[in-house]
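Engineer: Residue-level listing of the chains:
Protein chains: 2
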Amino acid sequence: MITAEEQREAQAYAVARLDELGIVLTEEERARVEVADFGLGRLRETGLQLLTYMNTERHCAKELVLRPHQTCAEHRHPPFEGTPGKEETFRCRSGVVYLYVEGEPTPHPACTPPPGVYTAFHEIRLEPGGQYTIPPNTLHWFQAGPDGAVVSEFSTASRDELDVFSDPAVTRAPVVGG
Amino acid sequence: MITAEEQREAQAYAVARLDELGIVLTEEERARVEVADFGLGRLRETGLQLLTYMNTERHCAKELVLRPHQTCAEHRHPPFEGTPGKEETFRCRSGVVYLYVEGEPTPHPACTPPPGVYTAFHEIRLEPGGQYTIPPNTLHWFQAGPDGAVVSEFSTASRDELDVFSDPAVTRAPVVGG
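Here the protein sequences come in this chain order: A and B.
According to our numbering, the first sequence is numbered sequentially starting from 16.
According to our numbering, the second sequence is numbered sequentially starting from 16.
Please keep in mind that the hints were generated in silico from the structure rather than gathered at the bench.
On a predicted model such as this, the values are computed, not experimentally measured, just so you know.
Glycine included, every Cβ here is placed at the ideal spot set by N, Cα and C.
Be careful, since some hints might not be right.
What follows is a list of derived Cβ distance ranges for each label pair [said to hold, decoys possible]:
| # | chain 1 | residue 1 | chain 2 | residue 2 | range |
| --- | --- | --- | --- | --- | --- |
| 1 | B | Pro83 | A | Glu42 | 20 to 30 Å |
| 2 | B | Asp162 | A | Ala19 | 33 to 43 Å |
| 3 | A | Arg23 | B | Thr148 | 53 to 63 Å |
| 4 | B | Gly56 | A | Pro93 | 13 to 23 Å |
| 5 | B | Pro83 | A | His123 | 43 to 53 Å |
| 6 | B | Asp162 | A | His123 | 44 to 54 Å |
| 7 | B | Thr186 | A | Pro183 | 49 to 59 Å |
Some residues of chain B that are not near chain A, with every Cβ distance over 10 Å (derived) [what the hints assert, rightly or not]:
| # | residue |
| --- | --- |
| 8 | Val30 |
| 9 | Leu36 |
| 10 | Ile38 |
| 11 | Glu44 |
| 12 | Arg57 |
| 13 | Met69 |
| 14 | Pro83 |
| 15 | Glu102 |
| 16 | Arg108 |
| 17 | Val111 |
| 18 | Pro120 |
| 19 | His123 |
| 20 | Val132 |
| 21 | Leu154 |
| 22 | Leu177 |
| 23 | Asp182 |
Turn these sequences into a full structure, and let the hints steer you where they fit.
Structural biologist: Put into structure tokens, the structure is as follows:
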């Protein structure tokens, strides 16, 4: 759904943001930054750039990079293999990210979701140094502020292929790194 | 075992190293950086500065800061509550860290351990961008190179109070943050 050129450009954008933060990456890591458009073909609006440092059967760490106002589509991490599902902590490193989770809707949320299906409107605003832990199987989506955002994600085991998206039009894009 | 002055000085050292890397911390986090001398009273030789971002029942993330040639004493993370014990990934952010784990001893290891009990001599050298996952219940210790080191630790749940040290003289120092 995205062209090779879009992918290369998005990878380069993400690597540049991580470089700016002084986060040292190996050449191998630079080449395998993932670009996800969730199968929608509107990458700059609904999409995500991410680098998975490691992902074992028990723990995982990633860097997430968002363009200005880019949105990661609403989804949840369901139980699997006898676990309650992925539990994840977002820690904002640069920019601002607005995270929306299930719960009491925030009056006048800062973000408008892009076209699609969005049901969670309890807003958490994360500036650099701010963090939030999302329980497993909890619907959430997030959108960067006007300068984009870099977010570190610490979690239990990650199985992106099991993610359940609210919008039936969404397909988790296959890994398009490298 | 360490004075209030030593503690303040070590905290300030760690915060300065994290600031240099552009890692944004909250005021609350700056104040609760932990300083561990493992009960030995030789902090600059055998000790560690650390900040725990979060630690749930399932996942944990920390920043570890080491002074030049400072050593974290040999220990393992035993099974608890039906889990195999803490599994942790070290990712070097700055400086160089030499990690020693159980296994084939490395001929001519780069580091000499300080006085104490050290049995693991399989060496892994981590430069910035390098990482290594230590299985649960595996003996390990680590020492910074001449410029000190900052290491991100991603893991399953952390229970420092359960750590088993090789040296019976070691007691995991109580948290002396803040």
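Engineer: Hints first: check each against the structure and report whether it holds.
Structural biologist: Comparing the hints with the structure gives:
Look at Pro83/B against Glu42/A: about 28 Å separates their beta carbons, and that is inside 20 to 30 Å. Restraint check, Asp162/B to Ala19/A: a C-beta distance of roughly 41 Å satisfies the suggested window 33 to 43 Å. The hint said 53 to 63 Å for the Cβ distance between Arg23/A and Thr148/B, and at roughly 30 Å that hint is violated. Between Gly56/B and Pro93/A the C-beta distance comes to about 50 Å, which lies outside the given range of 13 to 23 Å.
Checking the proposed 43 to 53 Å range against Pro83/B and His123/A shows it holds: the Cβ atoms sit about 52 Å from each other. As the Cβ distance of Asp162/B to His123/A is approximately 49 Å, the hint placing it in 44 to 54 Å holds. Under the hint 49 to 59 Å, the C-beta atoms of Thr186/B and Pro183/A, about 57 Å apart, fit the expected range. Against the 10 Å criterion, Val30/B stays outside the reach of chain A, whose nearest CB is about 13 Å from its own CB.
Annotated as non-interface, Leu36/B brings its C-beta within 10 Å of a C-beta of chain A; the closest such distance is 6 Å. Listed as outside the interface, Ile38/B is inconsistent with that label: its C-beta sits roughly 8 Å from the nearest C-beta of chain A, within the 10 Å cut-off. The claim that Glu44/B is not at the interface with chain A is violated, since a C-beta of that chain comes within 10 Å of its own (minimum 7 Å). Distance check for Arg57/B against chain A: the nearest CB is about 31 Å away, which clears 10 Å, and the non-interface claim stands.
Chain A draws Met69/B into its interface by the beta-carbon criterion, the shortest separation being 5 Å against a cut-off of 10 Å. Under the 10 Å C-beta cut-off, the non-interface status given to Pro83/B relative to chain A holds; the minimum distance is some 19 Å. Non-interface status of Glu102/B relative to chain A is broken: a Cβ of that chain comes within 10 Å, the nearest being about 5 Å off. The beta carbon of Arg108/B is not kept farther than 10 Å from every beta carbon of chain A, the shortest such distance being approximately 7 Å.
Listed as outside the interface, Val111/B is consistent with that label: its C-beta sits roughly 12 Å from the nearest C-beta of chain A, beyond the 10 Å cut-off. With 10 Å as the threshold on Cβ separation, the claim that Pro120/B sits away from chain A holds: the shortest Cβ distance comes to roughly 25 Å. Consistency note on His123/B: stated as away from chain A, and its beta-carbon is indeed over 10 Å from all of that chain's, at 26 Å minimum. For Val132/B, the requirement that its beta carbon stay farther than 10 Å from each beta carbon of chain A is met, with the minimum near 28 Å.
The Cβ of Leu154/B lies farther than 10 Å from every Cβ of chain A, with a closest approach of about 19 Å, so its non-interface assignment holds. Distance check on Leu177/B: its Cβ is at least 17 Å (rounded) from any Cβ of chain A, clearing the 10 Å threshold; non-interface status holds. Listed as a non-interface residue, Asp182/B keeps its Cβ farther than 10 Å from every Cβ of chain A; the least gap is roughly 28 Å.
Checked against the numbered hints given earlier, this structure breaks hints 3, 4, 9, 10, 11, 13, 15 and 16; the rest are met.
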